[in-house]
Amino acid sequence: MMNRPDDNQTTANTSELPLLDRRAFLKGGAAVATFTLAPGIILYTTAEARNIDERATDKVRWAMLIDSTLCEQGCSECVTACQDENGWGSNEIKSRPSQQAQWIRKVELKNSETGMLHSLPMMCQHCANPPCVDVCPTTASFKRADGIVLVDRHLCIGCRFCMMACPYKARSFVHETLTNQKSNAPRGKGCVEACTLCVHKLDAGDGTTACAQACSKGAILVGDLKDQNSELAKRVSKYATTQIRADLGLNTGVRYQGI
Amino acid sequence: MSLPTLHLLKGAHLLLLTLLLVSGGVAVAEGPSVPKALKGEQCVESVPNMRRNHMEYLKHHRVETMRYGVRTETYSLKKCLDCHVAPKAQNAAATDMHDTNSQHFCNNCHSYAGVKLDCFDCHAAQPDGQ
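Protein chains in written order, with the numbering used here: chain S, 1 to 259; chain Y, 1 to 130.
If we strip away everything but chain S, and leave its shape as in the complex, we get (with noise of 0.2 angstroms):
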């Protein structure tokens, strides 16, 4: 182990010495360590690894790569699949259509001049500079240090200013009382709420959102945009991907494949 010839350094210390001094030993078990290291380090980065005593970090930063050539027109697993998980979409009874919540919807587009359908699902882009946070008069709405937008409901008043700031028409308002909401997704009456890209999941290791894992397509793909190593970024490095409304400058997280 400690003559190995990459490790030029280490070589020259201890060969000379067949009993190896403490500070020699130390030494070497240092290089070694660091060797062993490397390849664990750039795993650990990842946020699978994260302890859950250990908060979330810029190291990290959480995408979604979404192949809108996979994706079917009438197809909404995505949709029920948020819906099952975050418990929205069932328990506002009295609100209109237009004013009950939307974490994620499906859009069909059609290009009128060649008849090119499209078929994708829009939810919060997860900007890097969301103009949802830079509005918001609380700082209820916050992006988190590995790139998720969050509301944060403790400090909601309601105001709905990030609803009219978000290109995206992402978020949603809830108008009523609520019951029987999931622990995992606490939700009530006057607070904006949007996709939180599965956070309790993210956080749990799951490493995937609910809408990817029902998705019988495979068309959504969640990774970590600052690990080289993940099938996200590999695949972003080698296909051409959009950003709707890239001309924002608003650095999304959610990216597009085909569109």
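Hints listed in this document are in silico derivations from the structure and should not be mistaken for laboratory results. Remember, predicted model here, so these are calculated numbers, not experimental data. Note that beta-carbon positions come from the ideal geometry of N, C-alpha and C, so glycine has one too. Check before you lean on any hint, since a few could be wrong.
Unchecked claim - In silico contact screen, one side only, chain S against chain Y (beta carbon under 7 angstroms); selected entries:
| # | residue |
| --- | --- |
| 1 | Asp53 |
| 2 | Asp152 |
| 3 | Ser183 |
| 4 | Gly188 |
| 5 | Asp203 |
Keeping the supplied structure of chain S fixed, place chain Y upon it in accordance with the hints.
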């Protein structure tokens, strides 16, 4: 108002306060009928500490979880409910947060103390599971 009148009023206030304290003492002796925890014998902190400081623990933890993604269980609301409140499958009535005789651990004491509790406007009032 003259000075002697003020003194008299002060005296009356003191008497009233003493009376209130005495009658209050009787009510405290009765206390709320807080349901016993369903799981475990020992809370995460001593009982007097929890009675006085649970809101501080919860508030600190809520910031850590919401803002920084720290998901430890010790001081989480979810963990409180896990031990102190029956799951929906066992006792659906415990969700009624407007019932002042509620067997919901939090609501029971809070309605006795007259301290409005709005956690469960958004948070699930009962744990998941069986």
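Given S:Ser183 was flagged as interface, is its beta-carbon under 7 angstroms from a beta-carbon of chain Y?
holds (4 angstroms)
Using Cβ atoms only, decide whether S:Gly188 comes closer than 7 angstroms to chain Y, and label the hint accordingly.
holds (3 angstroms)
Restraint outcome when S:Asp152 is required to lie within 7 angstroms of chain Y by C-beta distance
holds (5 angstroms)
Does the interface hint hold: is S:Asp53 within less than 7 angstroms of chain Y, judged Cβ to Cβ?
holds (5 angstroms)
When the least beta-carbon distance from S:Asp203 to chain Y is tested against 7 angstroms, hint result:
holds (5 angstroms)
Taken one by one, the earlier hints all hold for this structure without exception.
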